[in-house]
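Protein chains: 2
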Amino acid sequence: MREVAVIGIGQTKIDEHWDKSLRELAGEAALAAMAEAQVSHVDSIYVGNMLSDISNLQAHLGSMVADWIGQRFTDAVKIESACSSGSAAFRAGYLAVASGEVDVVLVVGVEKMTDSPVSEITTALATAADADWEVDHGLSFVALNALIMKRYMYEYGWQSTDFAEFAINAHANAVHNPYARFRKAITESSFKNSPMICDPINLMDASPVGDGAAAVVLACSDMLPSNASKIIVAGSSAATDSIAIHSRKAPLRLSAAELSTQKAYEQAGIGPQDIGVFEYHDAFTIMAALSLEAAGFAEPGQGPVLAKEGEIKITGRIPVATFGGLKARGHPVGATGIYQIVEVVQQLQEKAGKTQVTNHDFGMTQNIGGSGSNIVTHILKRVN
Amino acid sequence: MREVAVIGIGQTKIDEHWDKSLRELAGEAALAAMAEAQVSHVDSIYVGNMLSDISNLQAHLGSMVADWIGQRFTDAVKIESACSSGSAAFRAGYLAVASGEVDVVLVVGVEKMTDSPVSEITTALATAADADWEVDHGLSFVALNALIMKRYMYEYGWQSTDFAEFAINAHANAVHNPYARFRKAITESSFKNSPMICDPINLMDASPVGDGAAAVVLACSDMLPSNASKIIVAGSSAATDSIAIHSRKAPLRLSAAELSTQKAYEQAGIGPQDIGVFEYHDAFTIMAALSLEAAGFAEPGQGPVLAKEGEIKITGRIPVATFGGLKARGHPVGATGIYQIVEVVQQLQEKAGKTQVTNHDFGMTQNIGGSGSNIVTHILKRVN
Chain A
1 MREVAVIGIG
11 QTKIDEHWDK
21 SLRELAGEAA
31 LAAMAEAQVS
41 HVDSIYVGNM
51 LSDISNLQAH
61 LGSMVADWIG
71 QRFTDAVKIE
81 SACSSGSAAF
91 RAGYLAVASG
101 EVDVVLVVGV
111 EKMTDSPVSE
121 ITTALATAAD
131 ADWEVDHGLS
141 FVALNALIMK
151 RYMYEYGWQS
161 TDFAEFAINA
171 HANAVHNPYA
181 RFRKAITESS
191 FKNSPMICDP
201 INLMDASPVG
211 DGAAAVVLAC
221 SDMLPSNASK
231 IIVAGSSAAT
241 DSIAIHSRKA
251 PLRLSAAELS
261 TQKAYEQAGI
271 GPQDIGVFEY
281 HDAFTIMAAL
291 SLEAAGFAEP
301 GQGPVLAKEG
311 EIKITGRIPV
321 ATFGGLKARG
331 HPVGATGIYQ
341 IVEVVQQLQE
351 KAGKTQVTNH
361 DFGMTQNIGG
371 SGSNIVTHIL
381 KRVN
Chain B
1 MREVAVIGIG
11 QTKIDEHWDK
21 SLRELAGEAA
31 LAAMAEAQVS
41 HVDSIYVGNM
51 LSDISNLQAH
61 LGSMVADWIG
71 QRFTDAVKIE
81 SACSSGSAAF
91 RAGYLAVASG
101 EVDVVLVVGV
111 EKMTDSPVSE
121 ITTALATAAD
131 ADWEVDHGLS
141 FVALNALIMK
151 RYMYEYGWQS
161 TDFAEFAINA
171 HANAVHNPYA
181 RFRKAITESS
191 FKNSPMICDP
201 INLMDASPVG
211 DGAAAVVLAC
221 SDMLPSNASK
231 IIVAGSSAAT
241 DSIAIHSRKA
251 PLRLSAAELS
261 TQKAYEQAGI
271 GPQDIGVFEY
281 HDAFTIMAAL
291 SLEAAGFAEP
301 GQGPVLAKEG
311 EIKITGRIPV
321 ATFGGLKARG
331 HPVGATGIYQ
341 IVEVVQQLQE
351 KAGKTQVTNH
361 DFGMTQNIGG
371 SGSNIVTHIL
381 KRVN
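As you go down the protein sequences, you meet chains A and B in turn.
Counting in our numbering, the first sequence runs without a single skipped number right up to 384 at its last residue.
Counting in our numbering, the second sequence runs without a single skipped number right up to 384 at its last residue.
Derived from the structure by calculation, the hints contain no laboratory data.
Please note that a few of the clues may not be correct.
Only some residues are given here: those of chain A computed to face chain B with a beta carbon under 7 Å [to be verified]: (1) Met1; (2) Asp53; (3) Ile54; (4) Leu57; (5) His60; (6) Gly62; (7) Phe73; (8) Thr74; (9) Gly100; (10) Glu101; (11) Ala128; (12) Ile243; (13) Leu259.
Below, a list of computed lysine to aspartate or glutamate pairs in the DMTMM-like style, where the Cα atoms sit at most 20 Å apart [said to hold, decoys possible]: (14) B/Lys20 x A/Asp136; (15) B/Lys20 x A/Asp132; (16) A/Lys351 x A/Asp361.
So, partial list: chain B residues that the calculated Cβ filter (under 10 Å) puts toward chain A [what the hints assert, rightly or not]: (17) Asn49; (18) Gly62; (19) Asp75; (20) Val77; (21) Val135; (22) Ile243; (23) Gly369.
As the structure is a computational prediction, the values presented were derived from the model and not from experiment.
C-beta: ideal position from N, C-alpha, C; glycine also.
Just chain A, same shape as in the assembly (with noise of 0.2 Å):
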């Protein structure tokens, strides 16, 4: 396989675009990548969306950024795997780029969630889980991850101002970060008398839709000058588990994120040390948590430590969430993967502002699609 590099990155603010369409926010940020990337013409383009058919009535979201971007004829589908749609996109861009059919890829994360009522994203959300065993019995999205959280609160102990924290750390990056949708930082006092919205899971606990696009240029590194600074690919890895939580042995442990974490560690020839960021997927502080622990920074069940010790920080251990997280830069579900891997890529070429790590030549995404049942992985890493 040959080794493929990260050569072009877009993106837009996430917010409430009424005066964009889908394919304008696919558009804008795709054509920013090429731009950076220096590329008018590309081999294929995958697309990462989970919801535009049911929110906007538009399947066939290859065919339609192809042509609105002047790439008519190009090779290109959409990906799809709930919330980590975006993640499973770039991972199939990836693998283009790495069997040598094709040379330069665009990956574009796209998801417009605002224009729809409220009952028809919850609803749309609501399909990454069992249609026939969890949605059909009255469940939403936000219900399983509060049933997951209230029992690993029972399981370890912790009461639910322990995950402010993840929360209060991610609204404090996004302040610095002009593409993120919620630019506000915020206190404890303020996450403990924020509404709840599904006991446990209160309105700070949980990530915010919106619309965005984000958009990268993959290509061979054998067509970079071959003394160039680079990003590339240095590990990518997916795992599902089962799309029911109830099916799990043990629901508090993301298996898929422990396996695909495991093998990306394995592909790059590092562990959790030599991770400098990691971009999470904090759609719920949970999740933050969770992730925390299936990726080796701590131990099950311990994941809040880390939060209330300041380790998450842009000063400690393990950066999370540089540019905001889900929880304050958004959650446009289907783009949310390909966000972070921009984000990554800003700070490895520390391009990354006020919220820049120090120091470090791996960075790490992981996207979670579903209550955990869809897990992508990447590791990048920085050539000089």
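Starting from the structure of chain A, add chain B where the hints point.
Only chain B this time, still in chain A's reference frame:
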């Protein structure tokens, strides 16, 4: 890139499967393919599906299928490109093996359409067209094809009855296929007397919806005994066109089919004269005509001649729809591309029974997404 072989196939009958859920259909086909391939484990899974978000309120089919067939933890995603989702999934699986990333891949196409009200399926199918510039103005997917057919008849002087033999041939072949939805021959008279759906498309011009699943197992050829006869992927190519018909300079040409077929021929080192069987995308008879032209079997505007002269029959110059095609085998949209592959494999293995074609080493499938906006072509080769 490594050589990739099809080592197992499976399919369900296409029908109204009131007693089988989406996962049960997918599982039946997948487990049959794995049994034939004699594998109990696969390295990754690609699911082709278009409509389940709307018609079954179930996304995330990668995880759902992996878990259901006993492959929990396996890397699995859904691939979507409207009605060519099945072939797009096959192509993704092919690339995964060809890249060297994995050795054994399962590809499943599945669709369950008859559980939903007709209005909902019509809405769902229309998501393959341009939501902003076609569907918002009231066009359904049948209407788009009717516009193309009407213009084609005007430009080339055909009558609607000149398309009858496409349907008659498909039904004649489906009689012998136990997996076909409509195993009933039709006559020119029944074609003429069938009700009009959307002028000039009548009921016999159009393929039926249905529930069904088909699956294949792909493996690296190196894993097979060196002297084994095998079916390999000799060509794999996809191309897009504008998602909206009105943006095309030549709306009566399937440019994406011309491009992807030409590239597949080049990869296989052959031309149209070498193809012994062509499983084309006869969703409507007009698409049958356009596909034959785009693939080099007829001049533009002359596709119906092949049908009228009997050249598309099993004994003709280019046998098509040998198991009934979309018209009579049925068109469970996201599964169709895999049915086509399964059928060509059966032909090359000389297991096609009464509709067996003779003496050829190459078969071709072509799967159309949207109104010609995403077309995937595969050439399979028998190696003895």
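To see whether the hints hold, each was checked on the structure:
Contact between A/Met1 and chain B, as hinted, is supported at the beta carbon level, the nearest pair being about 5 Å apart and thus within 7 Å. Using the Cβ-Cβ criterion of 7 Å, the hint placing A/Asp53 at the interface with chain B is satisfied: the shortest such distance is roughly 4 Å. Because the beta carbon of A/Ile54 sits about 6 Å from the nearest beta carbon in chain B, less than 7 Å, this interface hint is met. Evaluation of the A/Leu57 hint against chain B yields a held restraint, the C-beta minimum of about 5 Å falling below 7 Å.
Hint status for A/His60 relative to chain B: holds, with the closest Cβ pair at about 4 Å, below 7 Å. The interface hint given for A/Gly62 is met, as the beta carbon of that residue sits about 5 Å from the closest beta carbon of chain B, less than 7 Å. For A/Phe73, the interface hint holds, the least distance from its beta-carbon to any beta-carbon of chain B being 5 Å, beneath 7 Å. At its closest, the beta carbon of A/Thr74 sits 6 Å from a beta carbon of chain B; the interface hint therefore holds under the 7 Å criterion.
Because the beta carbon of A/Gly100 sits about 5 Å from the nearest beta carbon in chain B, less than 7 Å, this interface hint is met. The criterion of a C-beta within 7 Å of any C-beta in chain B is met by A/Glu101, whose closest approach is roughly 6 Å, and the hint holds. With 7 Å as the threshold, the beta carbon of A/Ala128 comes within range of chain B, its nearest partner Cβ sitting at about 5 Å, so the hint holds. Contact between A/Ile243 and chain B, as hinted, is supported at the beta carbon level, the nearest pair being about 5 Å apart and thus within 7 Å.
Interface restraint check: A/Leu259 against chain B, minimum CB-CB distance 6 Å, threshold 7 Å, status holds. In summary, the hint linking B/Lys20 to A/Asp136 is supported, as the alpha carbons are separated by about 17 Å, within the 20 Å threshold. Between B/Lys20 and A/Asp132 the CA atoms are separated by roughly 12 Å; this keeps the pair inside 20 Å, and the hint holds. Taken as a hint, the A/Lys351 and A/Asp361 pair is honoured in the structure, with Cα atoms around 14 Å apart against an allowance of 20 Å.
Restraint check, B/Asn49 versus chain A: the minimum CB separation of about 9 Å is within 10 Å; hint holds. Interface hint at B/Gly62: satisfied, since its Cβ lies 5 Å from the closest Cβ of chain A, which is below the 10 Å cut-off. Taken as an interface hint, B/Asp75 checks out: its beta carbon lies about 4 Å from the nearest beta carbon of chain A, inside 10 Å. At a threshold of 10 Å, the smallest CB-CB gap from B/Val77 to chain A is about 5 Å, leaving the interface hint in force.
Taking 10 Å as the C-beta cut-off, the interface hint given for B/Val135 holds, the closest approach to chain A being about 7 Å. Residue-level restraint check for B/Ile243 holds (minimum Cβ-Cβ distance to chain A is 5 Å; threshold 10 Å). Taken as an interface hint, B/Gly369 checks out: its beta carbon lies about 6 Å from the nearest beta carbon of chain A, inside 10 Å.
In this structure, every one of the numbered hints holds.
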